[in-house]
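There are 2 protein chains.
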Amino acid sequence: MQKNLKYDIPENIRKKISELKVLGPTSSYAYGYIQANLVIIDKNFAFDFLSYSMLNPSPCPILEVLEPGNPIPVKTATNSDIRYDLGKYLIFHKGKSEIVENIENYWTKTKVTFLIGCLFSMQKQFEDSGIYIQHLNENKIDPTFISNIPTNSFGIFNGPMVVSMWPIHKNYITKAITISSKLPSVHGKPIHIGDPKLIGIKDIEKPDYGDTIKLKPDEIPVFWGCGITPQLIAQQKNIDMITHHPGNMYITDLKTNEMEII
Amino acid sequence: MQKNLKYDIPENIRKKISELKVLGPTSSYAYGYIQANLVIIDKNFAFDFLSYSMLNPSPCPILEVLEPGNPIPVKTATNSDIRYDLGKYLIFHKGKSEIVENIENYWTKTKVTFLIGCLFSMQKQFEDSGIYIQHLNENKIDPTFISNIPTNSFGIFNGPMVVSMWPIHKNYITKAITISSKLPSVHGKPIHIGDPKLIGIKDIEKPDYGDTIKLKPDEIPVFWGCGITPQLIAQQKNIDMITHHPGNMYITDLKTNEMEII
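Residue numbers (this note's numbering), protein chains in the order written: chain A, 209 to 470; chain B, 209 to 470.
Each hint can be trusted.
No farther apart than 20 Å at their CA atoms in a straight line, the calculated lysine to aspartate or glutamate pairs in the DMTMM-like style are these: (1) A/Lys251 - B/Asp250; (2) B/Lys390 - A/Glu468; (3) A/Lys390 - B/Glu466; (4) B/Lys251 - A/Glu275; (5) B/Lys397 - A/Glu468; (6) B/Lys283 - A/Asp256; (7) B/Lys383 - A/Glu468; (8) A/Lys383 - B/Glu468; (9) B/Lys296 - B/Glu306; (10) B/Lys251 - A/Asp256; (11) A/Lys251 - B/Asp256; (12) B/Lys317 - A/Asp256; (13) B/Lys348 - B/Glu427; (14) A/Lys390 - B/Glu468; (15) B/Lys383 - B/Asp336; (16) B/Lys397 - A/Glu466; (17) A/Lys397 - B/Glu468; (18) A/Lys445 - B/Glu275; (19) B/Lys445 - B/Glu306; (20) A/Lys317 - B/Asp256; (21) A/Lys304 - A/Asp250; (22) B/Lys251 - A/Asp250; (23) B/Lys445 - A/Glu275; (24) B/Lys296 - B/Glu309; (25) A/Lys390 - A/Asp461; (26) A/Lys397 - B/Glu466; (27) B/Lys390 - A/Glu466; (28) A/Lys397 - A/Asp336; (29) A/Lys251 - B/Glu275; (30) A/Lys223 - A/Asp289; (31) A/Lys317 - A/Asp256; (32) A/Lys283 - B/Asp256.
Partial selection, computed: residues in chain B whose CB lies under 8 Å from chain A: (33) Ile270; (34) Gly363; (35) Ser389.
Here are the simulated distance ranges between beta carbons: (36) A/Lys229 - B/Gln444: 47 to 55 Å; (37) B/Asn356 - A/Gly338: 42 to 50 Å; (38) A/Ser337 - B/Gly240: 31 to 39 Å; (39) B/Tyr340 - A/Gly402: 42 to 50 Å.
Worth flagging that the hints you see were computed from the coordinates, not collected in a lab. All figures in this text were calculated on a predicted structure; none of them were measured in a lab. Virtual Cβ for every residue (Gly too), placed ideally from N, Cα, C.
Can you make the complete structure from the sequences, with help from the hints?
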């Protein structure tokens, strides 16, 4: 973890990321600010994807949608360009995927950008409330799993929900629910609490994405919807899509506290 | 107010409405259930309108979006047909408007239906908490006004926000905020509380839509975003749109309590 970036402001961090001066997972960066998943698709699919996201607010809470061809956010961060300001991108094209450092060469006037809330945004709220976050302290990416929870389909978009798992001490479960329920724009309340098998996860120490986190005694696995869900759909349906590389989020200027809904 | 419909179930009421056996404002019907504004537009504008709605969750909280050509909701009420189950519809076409009792003759395979939460959905929660609702007791439609609050634009959609005003006793303001904040899907927290002039309303007794409600001593005007906002855009921009007639809402099978977000 780069300690100096934990309390740095988003604009500085985005600049360092775009200049490739800092890379890697952003989970510990810009503490207290909203981080976002990225989905870029052609405008022909934009209505279907946005409708799909609205039907599935747990994995796909929409923070912002940009007009076709516009890579400059107007709400989440104005002094920014989506094409450069993430550390690593994943390009899904004709059934194959590729990792790149910027998407200048992939940008067209028909590209529509969706920014989707990320659970990293809650880290400060959790720690301020005494909730220990193991993956942060171990400098890891939180583990995410392909669950057996079906998402609601719309148009060509459907498939199982990808979920993130954070181990929470048994005495802090209620607090974790209360904090996250107030933040629907960054996944909101947990989608499942307890036995992983009930949502189709056979081995909690073998995540589909991210790092392995071992549960400690007195910890319960708590699961939230995960913004990697659209990436899985892109793979399964052969849909052309540009996304962030897991863990390498877009850091916005929005403060998490300001996004609380009550 | 038809007392017998206050506690009847949505399915029965929709049937009576579709058979034209009961008409008029639905504000006192199906107490405790979610009511919805209707917007139907061509699929060419569907992405822009949905993005616009997401940028403006106060006047346009989306409850459900139907696939192009489908008039049967899958989430808000399955045993229902949008074309018949509202009492009165407004057709905006080539800059003119017309009131009709069903939209069978206007339906096409490219029509996309949006259901947008309505403040009527909070009536039971308010009354259960001791909040007096004047327009219900006087058998009126709540007054709505064209404010000077600009909405956030997307594509061709933009314009001022239409707001609903409910007078709230000064001792119940906090309670009204708490109840409505938990229900973002039916407009959520107030958009303004107090002096109407601060949001461009010159005369609180001259609403642009609905009935006049006189404030009693000890009452404060409280304003929420209103789902008539898209109708104003249709008029101002000459966009073809099918909507409900103000006050004649779509009554869903969703219980308001179940839509509370925390």
